[in-house]
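Engineer: Here the protein sequences come in this chain order: A and H. Going by this note's numbering, 495 is the number at position 482 of the first sequence; the sequence numbering is gapless. Going by this note's numbering, 230 is the number at position 224 of the second sequence; the sequence numbering is gapless.
Treat the hints as calculated values from the structure; they're not laboratory data. Please note that the accuracy of each hint is not assured.
One side of the interface only, derived from the structure: several residues of chain A facing chain H at Cβ under 7 Å [as the list claims (entries may be wrong)]: (1) D634; (2) P636; (3) S705; (4) N710; (5) I717; (6) S799; (7) V813; (8) A815; (9) Y816.
All residues carry an ideal CB built from backbone N, CA and C; glycine is no exception.
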Amino acid sequence: MKKKLNHGLTGRQTLKIDLKMKLTTLLLIVSLFQVQANTKLEISLDLDNASIEQIFNKVEEVSEFRFLYETGSIDLDRKLSVKINKKPISDVLAILFKGTTVDYKIHGRQIILTLQGLGILLPETGILDSTANKKTTLQQQGITGTVKDANGIPLPGANILEKGTKNGVTTDFDGNFSITVPNENATLIVSYVGFATKEVAVNGQTDVDVTLTESASALDEIVVVGYGSVKKRDLTGSVSSMSSSQIMEVKATRIEQALAGKMAGVQVKTTSGEPGAPPQIKIRGVSSISASSEPLYIVDGFPVITIQSLNPNDIQSIDVLKDASATAIYGSRGANGVVIITTKRGKTGEAVITLDSYFGFQKIAKIPEMQTALEQAQHYFDGVKNKNLDAGRSIAGNPNNWYYAVPFTVTEILDGTPLTQPGTTREFGDRLLEVIEVAPQNAINLSASGGSERTKYAVSGEYLTQDGIVKNTDYKRYSMRANIDSKLTDRLNLRVNFNTGYSVKHNIGNASTDGFDSPGSSRNSAIYNAMVIPEYYSLYNPDGSYFAYGSGLDAVVSTWNPGALVDPDIINNYQRQLFLLANINLDYKITDALKFNVMVGTNIAVQKGMSFRPQLPVFEDNPAIGSDNASLMTNWLTEYTLNYNKSFGKHSLTGLGGFTVQKQQLYTNEMTSQSYPNNLVPTLSATSGLISYGSSNESAWSLISYLARLNYNYSGKYYLTGSIRTDGSSRFGKNNKWGVFPSGAVAWRVSEENFFKDVNFISELKLRGSWGNTGNNNIGNYQSISTVNYLKYALGDGPVGAYAPGRPANDDLTWERQMQTNVGIDLGLFNNRLNLSFDYSNTVNKDLLLNVNVAQVTGYSQALLNTGQVNNSGFDLTLSSRNVEGEFEWTTDFNISKYENEVKKLGPEGDPIISGGHITQIGSPIGMFYGWIKDGIFMNQAELDAGPIYNPGSTLESRVGDIRFKDISGPDGVPDGEITNDDRTIMGSPYPDFYYGMTNNFAYRNFSLSVTLQGSQGNEVLQLSRGQLANNRARFKQLAIMNNYWMSEAEPGDGQTPRPNDTPTGNWRGEYSTQWLDNGSYLRINNISLGYSFPEVITKKLSIQSLRFYVNFSNPFTFTKYLLFNPDVNNSGNALQPGEERYDFPIAKSSVFGVNITF
Amino acid sequence: MKKLINIIAMTVFIMLMSCSEDFINLEPTDTVGVKNLYLTDSDFNDAVNGCYSGLAEAYITWWWYGDLRGDDSYDELVKGHSDFDLFSLDVNDGTVSTSWRNWYIVVSRVNEVLAKIEEKDVANKDGYIGEAKFIRALAYFNLVRIFGDVPMITDPVTSTEAYSIPREPLGNIYNTVIIPDLLAAEKTLPVTYSGSLVGKATKGAAKSLLAEVYLTLKDFTKAETKLQELTVAPFSYALLDNYNDLFYYDQGEHHSEYIFDIEYITGGLDLGNPWINQFSPKDPPTLAFYGLTTGDGQNNAPFGLRDIFPAGDMRLYMTFANGFTDSDGVYHQLMPNSNDVQTYTRKYIFVTQSSAYDSGANWKVYRYADVLLMYAEALNENNKPEQALPYLNMVHERAGLTPIAGGLSQTAMRDSIALERRLELSFEGKRWFDLVRTGKALETMAPTGMKDYMTIWPVPQNQIDLYNNMDIFWQNPGYN
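In isolation and in its complexed conformation, chain H is listed as follows (with noise of 0.2 Å):
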């Protein structure tokens, strides 16, 4: 017995002594620690690629600021949509607080990198940290241009410190951060990639955010030579010679008219974007011929689009429909049904997916078309709108479309370019900024409802009720 004892407590006293602190001190072992990353090449890399993450991310509602809130597409149908469409959002609202979230958490995923990468000496770094430059300046872009003054945040912060931290006039962050991080992002990008690197920001997709951050500040002397700069070597962009191409998804996407895209690809996975369904009607007949099994009837184009195109317009088949035309070549109309949308847009409809709401069809940031339309308004800004003329009908013709005449005015050719980026770019999340930018947001939205101070959302009631200190976070006017 006396063994027995001393076995016991031997044992109790090996517990003892082996159950000590790391016993306790369990790390997870299916993931890992912060501290244990942001160390190699490979680390930053895969780093950088969260940071695209988060744009996937954020991009998926770019069409409700983009097109809906325009005049461009509509949607009543939706409480929610309806609200952006018909300017009734409350302060509320839980899109606009999604994307708030959102472009901070792309803004801070940049800025973990950029604090991490400073002091290591990895292979990529002027790469990587360019491309995180471009990713957030792009963040902050599309945060000024929905909310007006936000929080410039360019380091990592804790909780506590964010609360001190003020709403800055948009004026500052486009000086300390959106343009220092283009000029920087546009040295260090290269103009292309090649293989699995396809896809990532380029010195053009710099550029080309560049320009139209300073057209957006009417810097158009500014604005012009960054253009011009994308039009000759070393970059090689061009337009498709068939507008319809850039809609044909399975044509590929990274062609020549391609600059930057949000990518999306399809197959299960998660990478896939929902806007063939979303997008496409609720009519049974038009789903079974696209091969769909699902619509939702939202974004839809209004006829009023349909009316401004010009005969002959090929770009019109994409942008608008009513109706399909069967394999027979019989026309079937939209079914009037109860809730009375019978329009939709082509532009995302043919993509390959291999489930509903999983499509991988990308959206387009930036386009040659796009850039080549900025050149000339840029131009013609600077008061060259002869000079404009040939950028403007290279998309215009492009369409199937006769050459416009030159001897326009200055502002018969403001017109003219602001009418061919309607008819270019419907539904690629350009529209609506491009009437702020140009003034002519009021004048065209207030027969839909809009306000003079709706020109930006309201920041989300919920972080103001957080911050709960209208000094340094304040309502936007209007949304009080």
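So that you can see chain A by itself, here it is in the shape it has in the complex (with noise of 0.2 Å):
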């Protein structure tokens, strides 16, 4: 144990509280015995003609003593020859200084020397030593501080040396520390595990309180991977990690939310802003077609299955296990990669208890630019021009009499004649803007942790709001943990996790799931509707009540007022959730090599939710309809592991072995009703029974594993780890039950080898390569079994019930295999303060479940075989540097990803899956987008006789002012000069060339900054919304990108932008083309977060440990060409069609002000 010194000068401790300082009095009593017995220590010096400075050095070099004494006051030149052998230090001082005047003292690990006849103070008690016979102090400077990481929690145990000597000291519990330095003008070097090192100049100071940030690059950081950990240094796999401080800069209110642009390798998509809602995560590209890519999350060591309720305050770090030797003891659940989540645990000694708590707003990050009223009504009015003209018709007269009339609402705007048509304004205006709101963001988190060296705890309460930026949608959350740690015996230790929560949701519909040609049943989205109203629509009737856009109104699509679908007044639709994981660890020490572990632990979730739209004309006087669903989910798992850790030599071992067994049960019900017999009751009970719908069902898994693993180095130069697992799966077929899962890597640590010491400026170059096995078993319950579909007829006039059969059998069904290589480099430079890690990877996901189509004479369309085939190949690099250190200090941390797929095989027959404007075809990534290459338009009659043209001799046929696509084939397989079916092509990729995150952390004295940016380059995103927004037809409003259209030859607009008509013609709207796609590339700055902590002499007076202000902006500034919300998009969440956009709900921008406080 190191020597503690309390500080000196002040009398702080009376004002600490009761409890604190008895424990901190204990602890001194304890440490100083050590020291005392420290004192015993005996050295031996051999040294001729040295210096007194020379045997000082040799003395501190050999013990832990240090020589204190004031500069001048000692004849350092002072030449001597010693040869002691193992004697305590007080006979060594007394050979060094026989006959001369110096006197000494050693005060624990302090020898101070002094001219006889002064006296000293001493710097623990602050009272003059006794035996001074002069009240005089040193010139000596005596320096007191405090060290504390980023977010104001102490750090006990740091390092604190003057720069160019070997005088140090560590802190206390408490972060604190005192030092004696020779002048003022001494240097400290701060150094803690897992932070980046700093130099504090004293400049006559006394007081100096240093905070230190962490460092990625540390190779003594400890990394958590599948069933246990390795230090940095030792990892033979492919692992990013990010530490609770990281964590709780970005003030997330999902963990996921945290990962953004953090991590090589690690894809993360805010696809929706809707409070709650979580990112979608991908690590290392797509390996599956048709299961689901998420990764496997493992909180504490258990594996669940949603993260939703976790507090982000809890967390210590994440770990996230990228390439397959990491992932392959997770089995057949590893093939998308693993998240680990480790929680904060108590450590010993008083409580820390820290409130962090924030408050803030957010409002919409981009309001697209769409047609005003006038541009609206000027395409409207030019597009029933068009369709007369098309028809032969004459548009001689009055518009409002032409053969296909021009509405009186277009004309009315457009002459400023007096508004005749209901609803319609002239107070224009972007009905979004009405929809959405400025909305509050809130958090509280208080916890407290600490512990005796036999029992430890960590426990923590939660508070979240957040109310969504589209009204009427909000989130809250909230949570405890605790977590304890105790030492039964001194072989055998408790571990228990227990966390709760609960979550309520308030949603809005959307228009997720339609497909384009059916805007009319995405009328549930308020976005949806506030999107498309044209801005001389009211949403408001003059009594303020809501207008009614139905049917009849003669230039609107019939639409449901967006008003009415976010008010809370009129639409009721929430989920909630109770949510429980716990678990309980045992640990035995049968001999110091061999431990034993069990594992019992549960997860528990409880689900209710509700809708109710009620009757209203608003919404076109559908019937009221209500919902209610809840569920219950149970989750269990036990666990038995055998660890065994021992070095011989050179050699060190680690093995584990393991047994596993995990089921799940899920319990849902649903049912829905529209008979209620007015509004006043949003719940079923008002419908008298009468329920159109209701299910209940019923679903397990359960998964028995045996996992093994290896891990061997020599000398820490060499690795070697090998492991394997087993799983027998509930869902794969009966001929397929089991599946195995190896692994193997190595290690070289080329920077450890004796010809590479030489080389300075590399201090650590370690080469790695691994191969192995993995699965995906997100195949779904049973899939495997041939089950019964129930169906219903009407006969006797009333319903009577049926089935048939639901889908063939497969005993066959199995996981997907993933196979992967990955050969990885990590680079140290300049002493570590440039690091770089890159890694390769090559992966074939093999056994791709497919719903492959059948021929549909069999009375099915398609069957689930294990058939397909993705490779993946990419790169991932990790550039983290200490830029510049000292009192400004700034690191920089830099990835960058590109991973590419390829489709090898699909179903038996090969052919491709045409889904929407996506193509999944042999040869090319999953799900690109296929559709029509649009070529300009037609400028004038020339070009259009040049061709192609669309459907000819059709009243659709393409004409002058339409969009040319391109003539790519025909039915011979060659250009026909007509625009079809076969002229779709590949016509952009919804993937990215690459994708990069970067964080940059600035701190000076007091203050931290930390601005984290993220970005996609080269992706396109296919826009389902200009099915509607841009589909020529004025009747929606349309984007503003469709203004400068196509007039005349004379007036040809700006070359891309086809005429006008209410009646497309030339296929506009009809299929997708080019025209559909955005640029999805964008930089976005994801969060910017500054911090103040108060100096201790301010925090002393409010007699807390810490005092921090912060403000965090989240997603301030997003560069990008893309015209709608928010580039990162995936509305389908079908691996088959990735890059989809349909009037997603928002992000946000926000503004949090916060503050965090330890006592």
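Hints given; two lone chains; assemble the complex.
Structural biologist: Written as structure tokens, this is what we have:
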């Protein structure tokens, strides 16, 4: 145990709370006692004609003693020869100073030298040494201070070293230290495991507070891997880690959000701004076509289904396992990567009580540029005009009387004549602005941790509330955690993790599921309605009630009033969840090398939701509809592992063997009714039991696994890791119940080799290689079994039950197999100031589950088979740099990743899968955009004559001013001058060329600033909303890009925008084409976090340990050409249809102000 | 401590033992595997209901084939519909593809029932077999009329087996499946049902279908025999006094004229059909008049259809409308709107429904007027125009018209019967198939865009791609 000195010169103890003082005193006594014992240490010296200074240095080198003396007071150049064999320090000093005027005193590890007759101030007690007979202090500088992390949490055990000397101390439990330096210009080097070392110039201060920032490059950092942990230097696989301070910097409501832009190979897409909505995470690209590509989450050793209820403040670290050698220990669930979340645990010492609270506002990050009222009216007018011209009708006379009449609304708006049509207004405005709002968010976290040597605790509670930027949406979470560690006996340890939470989420309808052909069914989405309604329609009647956009209005497609859809007095829609995650670990140390561990845990989630939409004219008088759902999920796990850890000389060996069993059961029920007698009561109780749909379902899965792993290293140079897991799963067909998942990895720390010792600028060089086999078992429950579908029919004028086979059996059904090879290099330069980590991986995903089309004469359209193959390769690179050290500190972490997938095999016939505007075909990535290529517009008759023409001879054929598409092919495989389905081709890619993230941390004195950005380059987005917003019929409001359209040969517009047409010709809106694509590249400043920690002089007065204020801006800036809300889209969530937008919930930018206080 | 280790060791041991294969053999508890069904009488009752349920699904779009394709309906509004109407549809058409699937779902459900019931000894075995075979015959009859040659599948098949089953010449399908199935069904099916069984296939339904099959195959002798059987005991079919009562659905649909319907009921049970809203005009005053919230303006009655109705024919009111007369007797013509559709049919409008697109109107597959006109046709084709006349006149007079005078030639009689079928049965899914059956399709529809090969539809391109074997699964000529 290192020596600890308390502050000397102030009376700060009197301000401390009682318990804490007692504890400190107790521990101080213990530590002093140990130091006393240490002074009996025997020292050997053998020096010939050495100076006193040299001798001092030698003593400091071979022992922990440090000499303290006033500069100039001791003759350091005096030479003597000493030969001392195993003598206590007192004897050594007696020899050294025999016959001089130097007095020496041993205080702990400090040897204080004075000239005889001068007194000395003892740093520990602040009182004069009674042996001193003259009251005068040395010129030496006594310095006290505190070392804290960026969040103001004290760091116990940090090292403080006077630069250029061996003079050093460590901090106590509260992060306090006291050191005496010989002069006021000394520089202190402050270091702590896992943090960047910092140099502080004393400059005459007696009070130095030091804030350390965490350093990702520290090789001693502990990395959590499956079923264990290793030091970063010993890692053989590819793992990215993130610490609590990095998580807390981002004021995320969900943990996944904190990962955005932080880790190489981990793509985080914030696809929805809905409060409480999860971002989508993909680790190293897409590895599956139809099974989920979501990673597996492990919370404190427990594989969980959702981490929605976890409190980000509770997280100690997040470690993401990326390569197969790391993930194979999770077997059939490892293929999508594994996210391991470790929560904070108590440390021995007094209670550290922390309050963190913030408050802020969010507003919509971007409002798309749309047509104004006059632009839309003109577009409409011209569209109807063209429709008449196309049909050979006259456009003479009053447009309201044309064969296809221009609506009165449109002519009145254009002419400025009095408005006669219902709902129209001259108070033009973007109706979107009327459904969004500036939304507050607020969080309070209170935590306490501490403990004795025997029992440690970390408990916390959280309240979080976030309103959505769309009215009537919000998310609230209450959660609590208690982590207890107890040493039951010397060999037996108990660990308990208990986490429970309750959340409430209010949502509005969305437009996610419909195809673009049927905008009518999007009416439930407030965003959809608010975006398509022309600026010349009001949301309100003159009396303030909501205007009903029903059938029969002359210039608007029947929509629902978005104001009513976000009115909490009208729409009722919530989901509530109660969540419990608890596990108990017992580990028993059989021998020093062998440990047996048992874990039992459970995860329970209860959900309750409802929705109600009343019958109102604003909803076209559709009958009131309400639903109610509830579910119960129980998941339990038992796990037995045996850990072996032993070093034999230069060989060190770690072994793991285990057996684990997990089972989940899910019970759901749902009811819907349209038989509400009135709009008064939203619950189904009002429907007299007249239910139109009701169902309850049960499902379960179970998993038995055996696992083993061996880590071997020789001398910290050569590493070998092998692991194997066997999974038996209820989800697999009876012919394929068990899967085996092996992996292996090697690493070589070249920098540890002797021949490398001379390469000074390279401090760390490690080469890694791994191979492994994992699986994806997200194939649904019971899919291998032939089951029936329950049906119904009407007989005797009433319903009767019926059934029919639902799917064919597949006894061979099994997990998707992934084989991944990974090579990597870790490089540390200039004493690890610059760290680089590069990984290249190549993945073969075989036996991918596909709903393969089968001949429909079988009665089935599709059957689930393990047949597909997708290869995925790419690299990820992480660069960390401590750019500037010292009082001003600047670190940069940068990462960039590129992953490409290629479909190698599809169903038995290998036929491409075309789904909407996407194609999945052999030789291309999954779900590429598929459609026609726009080739400008037909500017004049000559161009039209040159073709190619859509649907020649029909009323819809291409005309001058219409879009020209590229003639790619025809029925015979060659261009035929006609635009048909044969001309569809790959028209774009939803995948970025690369994605990247960067974090810059700055610290200056008590200020800290962190800026995180994230970007994606080279991908496109399929904007399904263009089915309305750019469909060339101004019945819907159009995007502003539609304004510069072709009017005539003389006024051709921008050459890209076709003439308006109320019945679009040339198949402008019918098929997917490049006209639907938008640029998806972006660079977003994700997060800016600025903090200020109050200096100790102030916190002491407030009798608190630390006080930190911060402001945090999330998504303050996005740089993109993308037209709509947010380029990070994935509306369908279906791997076959990536990169689709459809009236997504807009994302917010937010500013919060917060405070973090540690007591 | 020893004790604790022992406890842990025991627990591990117990876990290892109990977590045998059983632990990971989970069967669903909220549905059953197929192997647990098709055992009891009640199982088969429900399984046969599943076959009817397939019909209900497939018939939702029957009007596209029977009416929209012909000259008595038009719909140029909606892309997809206009493709059917104007003979411009391509091989990827979604409705055609869906119908292909739906009819084969019906076939496969029947095959499953027939395969499973064979060895079982259940009470109503013959009845279930009869119903199943009737349903399969109906499905195949519709399949061959839409697609021509199709794979003939009469047992459950795996997808691997399916790829080697070729499109069978339709003559073989008639002779091997449709006719034998119906001959079996007409023997075992009851004449009527009562109570909660009303709506199932009857002996009369089987005979009616068989008769239409014979007519289609131009086997007029057998057709005449079958149809004659339907006019005598044990059957007691009779025309309703008032034609309009057929479409006032609240008066009951299982009346004396009913032979076989596809049954739909309203009530938010997902057992209704969408026709009332699909076929209503997009005209707010009209919608308000009928108490509807929405109308799609599909399946419109052309003015040409109106013009063939003789004066005084009460059927015109139900068949054709371009406005409505309100309670004050004021006539409101449909507002011409920018989409140019100004007509509709009332045949599906007088039905209660609990919410939009949830109509309880049945689809009439066979009613007695149809049988009478088929009988007249068979008699006339067997050169007995005078014997045909009374049956023609039964239908004609019911419409409030004076009887057609005797003495017509066979040709004149043929024309009269064809016209009567149009007047009587428009919007009931008959017209297009009558045109094809009687060889009049091309001359009638060529002006609309029909070409000679378009008496049948293309088979779905996605299935052609799937078989990828032109020898056994080819596209219909002309659609390549």
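Engineer: If a hint holds in the structure, say so; if it does not, say that too.
Structural biologist: Against the structure, the hints:
At about 5 Å, the closest approach between the beta carbon of D634 of chain A and any beta carbon in chain H falls short of 7 Å, and the interface hint on this residue holds. Given hint, P636 of chain A at the interface with chain H, holds; its Cβ is 5 Å from that chain's nearest Cβ, closer than 7 Å. Hint on S705 of chain A holds. Least Cβ distance to chain H is approximately 3 Å, under the 7 Å limit. Interface hint status for N710 of chain A: upheld, as the beta-carbon distance to the closest one in chain H is roughly 4 Å, under 7 Å.
Checking I717 of chain A against chain H by beta carbon gives a least distance of about 5 Å; that is within 7 Å, so the hint holds. A cut of 7 Å between beta carbons decides the hint on S799 of chain A: the least distance to chain H is about 4 Å, and the hint holds. With a cut of 7 Å, the hint placing V813 of chain A at the interface with chain H holds, because the nearest CB-to-CB distance is about 5 Å. With a cut of 7 Å, the hint placing A815 of chain A at the interface with chain H holds, because the nearest CB-to-CB distance is about 3 Å.
Look at Y816 of chain A: its Cβ gets to within about 5 Å of chain H, closer than 7 Å, so that hint holds up.
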